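Chemist: Each chain, letter by letter, is given below.
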Amino acid sequence: MADVDAARRELEAALGPDGVLADPLALRLYARDASMVEGGCALVALPTTAEQVQACVRAAAEHGLPIVPRGSGTGLAGAATPIGDALVVSTARMTRIVEVRPEDRLAWVEPGVPNLDLANHLRTMGWGFAPDPSSQQTSSIGGNVNTNAGGPHCLAYGVTSAHVLALDVVMSDGSLERFGAEGPEAAGYDLRGVIVGSEGTLGIVTRACVRILPLPPDVRTMLFGFDTVESCAATVSAIIARGVVPAAVEMMDQGIVRAVERFAHAGYPVDAAAVLLVEVDGTEAGVAAQATVVESAADDHGVSTVRVAADEAERALLWKGRKSAFGAIAQIAPHYHLHDCVVPRTKLVEVMRGIYAIAERHGLIVTNVFHAGDGNLHPLFSFDRTVPGTLERVLKASDEVVRLSVAAGGALSGEHGIGLEKRDFMPLVFGAEDLATQACVRAAFDPHGRMNPRKVLPDGARCGEFALASGGTGSAAADAAGLPEGSWI
Amino acid sequence: MDLIHPRTVSDVVDALRDASSTGRRVLVVGGRRHIDKGDPSQVDAELWTTQLDQVVAYEPAEMLVVVQAGMRCGELASLLAEHGQEWPADAPEDATVGGVIASGSSSPRRLRIGALRDTVVEMELVTGDGRVVKSGARTVKNVSGYDVHRLMTGSLGTLGVITQVALKVRPIAERSMTIVAPGATIEHAQAVVDGVPLVAGVAATDEAVEVRLEGWADEVEALADATARAVPEAVRDDSIGFPRRPWWAWEDAGTVVEAALAPARLPLVLPASSMHAALVGVGIAWIAVDDDTGLSELRAIVAAAGGVAPAIRGPGGLGDTALPGAAVHHRLAAAFDPAGVLAPGRSWSDPLIPG
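Those protein sequences? They're chains A and B, same order as listed. This note's numbering puts the first sequence at residues 516 to 1004. This note's numbering puts the second sequence at residues 900 to 1254.
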């Protein structure tokens, strides 16, 4: 059994008294992330150095506490929701931008640096960090690494994995390793690539070496309104078919546009059935050429309104509309459940229609705002959780949305991850052998199942004769008993 | 040496089950372009992937293509070019898709297009003990579970046989141009990287600086003008490739090393006389060495600069760089290839299966 008191004494000695939280209010605050799943924890540690993170992992290992790494807690899949007697290790106090080396196109940062802080810091030097998840004001680089975060601009620039050169990681045995390198290749298997997107199950990132890029010389942001969802989606395909990969292609349906407009006053066309926000960047000549293609694709599909940002202020306003979507929908209902699924771009309309039908069947309000260029849908159910039976209907509808996108050839998650929320959907897309192999990957890093147990893989996934990778007890019934409400057992 | 030449994935499964039970050591072979990398001596059989060469799915509007891993890069390039697209490997035509991925090879245009590993979104593979495993998804974004395909990329066939991949492809630029500046230096090359936005690639060789520009027609003209301000006396040519002489065309070179290090340190490792091509701004340098002494000296210099220097042609192996998380490497190798039959010894400093 876990010896919480002993772990606490050891941690207080290593981190100082203000580096460890154990009062009921703090434990309650750290009992969940931004998902709908609430768990519980025994202790919260707030280390400031890699050595302190090592001390956390060693103390937890010695005293039998599972470890739950945590960034800013903005994750939507429950990966940072602790279960049982967990020690939550928050990297929120590790916030130094250690060095920026434009000559090497890299920056070393600590995991607690908020994404937008890094972007703003680099911008003053004429450089940028491409991943820009909608949570970027709050979400941290460490969290971005662990969810392989995306964002609007990953259409042209790629997701977080393409922007991580190396990671310093505290392993499950407390050792500190560097995976990847400042150079483009490193010795051995690409363990860096496996750790990115592993949702805190393989180790704790204490420092990241990220790739930085010079800011493009020119950028143009355009907003198109369409009378039908079909013509809007067809425009996306046409742009790509004509050889243009814009920096970003974001689509919003009427429900979300109306909510956003009341909130952000960005001048979005509220009568349009769907709105497309397109940004192209590059050299001056390249931007002009791309914009011509984009505008003609929209014209050919009967665009009803066109607006091109005339200056940086207007561009910021158009983006404000998109980026404030999740704040704006609070007007619709007090709670929301935001989904994340990826489908082939050519199936966008079909899947959207399906999602509207699911919402109607369950009497729910759904709005859609998503990365259309990537086929990454974010249907958003708005509801009032205090109305009896509502949460159950939302969960049922969400289950159907996942199955619908998988049936259309899609993936379970584009950028939010699996966490607790979707782990039991994994067998929908992976066979037993695939999951066993994934369990082996996990066990190779963490043979004792200490790091973020019960996340990502369903409890049944085992790696041959290795120790239990998922940290389960081996009994499905007993495993299920410990899981919090909302994790869809 | 035995030859295994499977026609189907189940042939691969049978062959590897058999190899694992009898202890027959197998080298996975594609187009032989990186066959020397990791010095894979001491095997009993070669498994050629070249009959696994079918197109599984191609939907240009999705910018994804699914092919079997034994397909030749030239054949894939022709297929994609019909739809104005490319997979930017820039590998020789007879290299296989699976070989390019398994060898972790780098595109000369990495400065602009990024690492080739990021184009692999889904993979089917057969482990050393003959299990068929799928990883990833046929979507451009996907965070679900552990990316086994990332492990396989660059693993030199030591974990399994890649049988099928889904690749992100991209539109071919409206116009491409290579600018050659004979006699220009790496300082000129650096000036191009710093001063010409969105340049696709800049190579500093022992003969010249070569600049690759891609984009829209007007754009490339403007970039060519910007390049001319950074490198004197340059020749523009729309018809030649980049680099003009890739390392696999260096007929008179014995051993070729692919050094990888932080890009600003490239000048520290480039030799004064021997043949080389450095991707400035990227940190890759292909360098010819004459003998073991030359290799050791170069490796010492690269290691001091924080890089690695595997030989990709000729003898010399990968080098003795210590593996991070050696125990993780060992456990992975044991899980994927429990009998240790896949190219044993084709590894960095530590043997993957101790003892």
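The hints are simulated quantities; they were obtained by calculation from the structure and are not laboratory data. Treat the hints with care, as some may be off.
To be verified - 30 Å max Cα-Cα, derived DSSO-like pairs, lysine-lysine:
id, chain 1, residue 1, chain 2, residue 2
1, A, Lys911, B, Lys1067
2, A, Lys835, A, Lys862
3, B, Lys1033, A, Lys835
4, B, Lys1033, A, Lys911
5, A, Lys911, A, Lys862
6, B, Lys1067, B, Lys1033
Stated by the list, open to error - So the derived label-pair ranges between C-beta atoms look like this:
id, chain 1, residue 1, chain 2, residue 2, range
7, A, His963, B, Ser1195, 38 to 44 Å
8, B, Ala956, A, Ala947, 21 to 27 Å
9, A, Leu728, B, Ala956, 49 to 55 Å
10, A, Ile612, B, Asp1093, 19 to 25 Å
11, A, Thr639, B, Ala956, 43 to 49 Å
12, A, Glu829, B, Asp1219, 53 to 59 Å
13, B, Ser1195, A, Leu943, 49 to 55 Å
14, B, Ala956, A, Arg918, 49 to 55 Å
15, A, Leu943, B, Ala1127, 53 to 59 Å
Quick caveat: nothing in here was measured; it's all calculated off a predicted structure. C-beta: ideal position from N, C-alpha, C; glycine also.
Chemist: Does each hint hold? Answer for all of them.
Modeler: Evaluated hints:
no.: 1; hint: A:Lys911 x B:Lys1067; result: violated, 34 Å
no.: 2; hint: A:Lys835 x A:Lys862; result: holds, 28 Å
no.: 3; hint: B:Lys1033 x A:Lys835; result: violated, 40 Å
no.: 4; hint: B:Lys1033 x A:Lys911; result: holds, 28 Å
no.: 5; hint: A:Lys911 x A:Lys862; result: holds, 22 Å
no.: 6; hint: B:Lys1067 x B:Lys1033; result: holds, 17 Å
no.: 7; hint: A:His963 x B:Ser1195: 38 to 44 Å; result: holds, 41 Å
no.: 8; hint: B:Ala956 x A:Ala947: 21 to 27 Å; result: holds, 24 Å
no.: 9; hint: A:Leu728 x B:Ala956: 49 to 55 Å; result: violated, 32 Å
no.: 10; hint: A:Ile612 x B:Asp1093: 19 to 25 Å; result: holds, 22 Å
no.: 11; hint: A:Thr639 x B:Ala956: 43 to 49 Å; result: holds, 45 Å
no.: 12; hint: A:Glu829 x B:Asp1219: 53 to 59 Å; result: holds, 57 Å
no.: 13; hint: B:Ser1195 x A:Leu943: 49 to 55 Å; result: holds, 53 Å
no.: 14; hint: B:Ala956 x A:Arg918: 49 to 55 Å; result: violated, 22 Å
no.: 15; hint: A:Leu943 x B:Ala1127: 53 to 59 Å; result: holds, 56 Å
The structure does not agree with the numbered hints 1, 3, 9 and 14 stated previously, though it agrees with the rest.
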